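Asker: Chains as they are written, first to last, in our numbering: chain X, 962 to 1355; chain U, 962 to 1355; chain W, 962 to 1355.
Please note that a few of the clues may not be correct.
It does not matter which identical chain is used: a pair holds within one copy or between any two.
[As the list claims (entries may be wrong)] Straight-line distance between alpha carbons at most 25 Å, and here's what the computed BS3-like set of lysine-lysine pairs gives:
(1) K1112 <-> K1094
(2) K1016 <-> K1246
(3) K1186 <-> K1033
(4) K1112 <-> K991
(5) K1016 <-> K1033
(6) K1246 <-> K1161
(7) K1112 <-> K1033
These aren't lab readings, by the way, just hints derived from the structure by calculation.
All of these numbers come straight from a predicted model, not from anything done at the bench.
One-letter residues, chain by chain:
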Amino acid sequence: MARLGGCWAFLCRCFFQYETPKILLIRSKKVGALNRLVQALILAYVIGYVCVLKKGYQDTDSVLSSVTTKVKGVALTNSSQLGLRVWDVADYVIPPQEESSFFVMTNLIVTMNQTQTRCPELPSSSTNCSSDKDCSAGFVDVRGNGVQTGKCVNFSDSARTCEVFAWCPVETDSEPPNPAVLANAENFTVLIKNSIQYPKFSFGRRNILPDVNTSYLRNCIFDRKRDPHCPIFRLGDIVSEANEDFQSMAVHGGVMGIHIRWDCDLDMPESWCVPKYTFRRLDNKDPDNNVAPGYNFRFAKYYKVADNVETRTLIKGFGIRFDVMVFGKAGKFSVVPTLLNIGAGLALLGLVNVVCDWVVLTFMKKSNLYKEQKYSYVDDYALVSTSHQFHLFL
Amino acid sequence: MARLGGCWAFLCRCFFQYETPKILLIRSKKVGALNRLVQALILAYVIGYVCVLKKGYQDTDSVLSSVTTKVKGVALTNSSQLGLRVWDVADYVIPPQEESSFFVMTNLIVTMNQTQTRCPELPSSSTNCSSDKDCSAGFVDVRGNGVQTGKCVNFSDSARTCEVFAWCPVETDSEPPNPAVLANAENFTVLIKNSIQYPKFSFGRRNILPDVNTSYLRNCIFDRKRDPHCPIFRLGDIVSEANEDFQSMAVHGGVMGIHIRWDCDLDMPESWCVPKYTFRRLDNKDPDNNVAPGYNFRFAKYYKVADNVETRTLIKGFGIRFDVMVFGKAGKFSVVPTLLNIGAGLALLGLVNVVCDWVVLTFMKKSNLYKEQKYSYVDDYALVSTSHQFHLFL
Amino acid sequence: MARLGGCWAFLCRCFFQYETPKILLIRSKKVGALNRLVQALILAYVIGYVCVLKKGYQDTDSVLSSVTTKVKGVALTNSSQLGLRVWDVADYVIPPQEESSFFVMTNLIVTMNQTQTRCPELPSSSTNCSSDKDCSAGFVDVRGNGVQTGKCVNFSDSARTCEVFAWCPVETDSEPPNPAVLANAENFTVLIKNSIQYPKFSFGRRNILPDVNTSYLRNCIFDRKRDPHCPIFRLGDIVSEANEDFQSMAVHGGVMGIHIRWDCDLDMPESWCVPKYTFRRLDNKDPDNNVAPGYNFRFAKYYKVADNVETRTLIKGFGIRFDVMVFGKAGKFSVVPTLLNIGAGLALLGLVNVVCDWVVLTFMKKSNLYKEQKYSYVDDYALVSTSHQFHLFL
């Protein structure tokens, strides 16, 4: 019984105890100043940089976004091939809707009334021929327009090429018209509606801000200075803000990035969370180390004429694809990253002792005095009580 | 030789030494209890919150996803303009395939047999005219349908507007039919196939789970309670789960988000990693601070009639765009974040001493006794041995 | 005055002081070796794993990307239904452009000359009938082709099915042709242009590397060994690199992922930042727990024939959708993560003392000697001055 009581008292003693390091307190102007300086530096870093600048006390989330676009505008063209023609949004936006990008055709090469039949291929090193022997029936060139029939026929008065079975006549692979056919696309406008969410914080917002009224929206055009929150953009402005020339870009086409950045500090009022628009050309306009510069693709309109024969109008459409890219980061106070940073900051405060000890025990005149006070020794080599040995050394 | 040996011995001594702080062990119920309490709090935070709740021991990766969709359903409409007509998937899904979204047309305004010619523009403040002087040839209104010819013509018995060169007749800019033409789209179904990957962990999974059999898949319809893993959704259910009314949404169109969340703990059995579906309306249905509410776009079908004249049927299609958004985070045990968190946790344990020392040395009755034991002093000011000075003070 | 001076001196004394823990230095081969070993292990982890392997000193950013694609190739088909026909890019890429994916049709079921009229539905358990009573007028099956008229008509000599109002004749729901109609798509090529950005570091790059010249680009084909940086891919190569068979995939279609990984260490020369291409099949080709295997969708070409009657050609297109997925992470030296990791590393060094103290004070023969030197005691239980008590013990 007494034994048990003793055991219990021992456990109590172990539990109700507190270990605190023994401290040597050096009162010295030099050492103290050094100490406070190093402390101040580390505190300044932890508070200033981690907390204020980098917002290390916040948990972050990245954005989920949905974009819809609507282009408006009409252009008139007059070419020998198509005659006088007006182009509206159903004609020049292809496909009519996409998820977060839109394509506006600015230039085109039209090949009308193609049918499935035989015709001479375009002249090139692999299609030029002088007799049927130069052409092999069934051969398909991956860069050609059709399947060779094995005959050599007149392409023009001067050139003979292999005949192909293809959509004929084949498209003449020439440079696109310059200036661009739909040069007027510069004045088209696009309404971009963007709705974002930060799922971790259940926070949603739209690029049409709550304090903007409807009548303003009907007539505004985005302008970085005067109308920075208007969601309607003139295509020409988008391109010129990216320091590009719309008219020269319109000829061969290209890809423009419309970047919408939503950097939101959710510890601040919600109305501070506004989108920031920037524009950038994404494709490479340099002719060097480039292939197929600009942006174009081919599509066709299919018709059936008399006798049920299918014909098509092939269009090589050059134009500008606008990719709307939404990105950003929301931050909100959270306990985990805060304590992670405080923990790391405290650990850095441990550096104070490392630095100061090194200076104090190495460079100070009285370093021996400090050493004597700071250190006790247990020396296995000498197998004598340390402090005696130490005094003997002195 | 003796010297070298001495030097070597000195280096050995430096290397084979161990610095451990001298500790003052205070055995006191009050102090001990305080100590254990603060320790317990910090340990509870580190273990409970960081490790269990926030899974701070895991490395995370975000999802890479691929989505395919397939809509099914047929709707019958009967209008004076189009007559009796049946609509199938090739008619109402435009474009026929997209990467991770699909559009279902629910309502439409059709303008048939448009050709490139001249006709009166719709009446508006900028197109109303009383004589040719009010119209300027070549003027293009960005919100208009064509290019003004400079003539003022009768739009109706009562109104005169400027004539335009355009696809004529121009679309009458009226409200869409209500109820929606394809109101039956509510019963259409969509099969969503989603395949995800966490590239960092080489982990892939599909939303058709391995334990689901094929015959079930042919007939099931998603239901949050009874069939939560069926990948076939009724469009009406998607909209009503988001607390919206399909029939009123169908009139002007809108954008729905289908969110698929893959939160996977890869330390757990793979079969616990299942997708969670939620639905949300993404566009703004409020008429305030809004412009062009709903979702619609224009597209055309082009025909060639006799004499090679191109005509088109312009369709302003209203409908619901469903954006499939896949997100989520996978976590798996990893050494770096674990040790980062342990390190930060240990540093936080350093807080125990800060708190306890402050309490013990400030508020305890016996604080002077503790101070005396904890601190030694080297005082440059007095230039006397500290311990003597200290004893003198006492 | 003297008081104030004294107060000031006291504050000075507090400010200009430096607390450093008192250290017990144990000089012992065993203890020293243990100490150095644990230190070495922790340092090796911090430096080797966190800094070198995981690059813990870097801030990271994820990629923003823009992709354009251009398919080339021609295929010849010969079927009883369509006759001899050549297919080019405008025929088999649907829609003609997408944001970061492209679809190449490899197989198709064509239903020509559909008009809006009445015809027998395909036989199935819900459409087979023996008399008009079995059919209900107005009934729409979500998996059917049209709206039932209520009549039971002959589907073939042997089968009778309910009549539907639909696009007639309805598509025969048969298996797609095997081998695939456009089997030659294996030889098509695609040019993929990818432009990426790391917005946090204002760093941009293209997959056409600056040191590649234009004439090389015109003729190269991607090959993992010989041409790893050529942006032109043969479709057959993409599929076979993913260990799939193109010809069998072409029959029912499928989804391929083209993964472009941009892992860039921006502390290194920019030219080390190159894209890495991998290919993977994304859809499930197993017939088990699957529904609608492969990838297909329906689209139609609309025609107007004589008398203004609209007809259409319905195409069920099977093919391969290629999803270009761009991902990656850029890292660049940054102060915050570096110090966060150093802080955590230092805190881990604190573990050295925990481990060594435990070993030294528990297992060493001379542990009593060490304890005696390391610890001082203040014992509230005995209510005697600790050092006296301690000396008495000795």
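Asker: Can you tell me if K1016 and K1246 fall within 25 Å by alpha carbon in one copy, between copies, both or neither?
Answerer: For K1016 and K1246, the Cα distance exceeds 25 Å both inside one copy (39 Å) and across copies (35 Å).
Asker: If the cutoff is 25 Å on CA atoms, where do K1112 and K1094 land: within, between, both or neither? Let me know, please.
Answerer: within (8 Å within a copy, 63 Å between copies)
Asker: Give the relationship of K1112 and K1033 under a CA distance limit of 25 Å: within one copy only, between copies only, both, or neither.
Answerer: The answer is between: 24 Å across copies meets 25 Å, while 49 Å in one copy does not.
Asker: Could you figure out if K1246 and K1161 sit no more than 25 Å apart (CA to CA) within one copy, between two copies, both or neither?
Answerer: Answer is between; shortest inter-copy Cα gap is 24 Å, intra-copy 40 Å.
Asker: When no copy is specified for K1186 and K1033, does a C-alpha distance of 25 Å or less occur within a copy, between copies, both, or neither?
Answerer: For K1186 and K1033, only the intra-copy Cα distance (23 Å) is at most 25 Å; the inter-copy one is 45 Å.
Asker: Between copies, within a copy, both or neither: which fits K1016 and K1033 at Cα up to 25 Å?
Answerer: Answer is neither: 42 Å inside a copy and 49 Å across each miss the 25 Å cutoff.
Asker: Which holds for K1112 with K991 at a C-alpha limit of 25 Å: within a copy, between copies, both or neither?
Answerer: Result: close neither inside a copy nor across copies, 99 Å intra and 94 Å inter.
Taken one by one, the earlier hints fail for this structure at numbers 2, 4 and 5, listed in ascending order.
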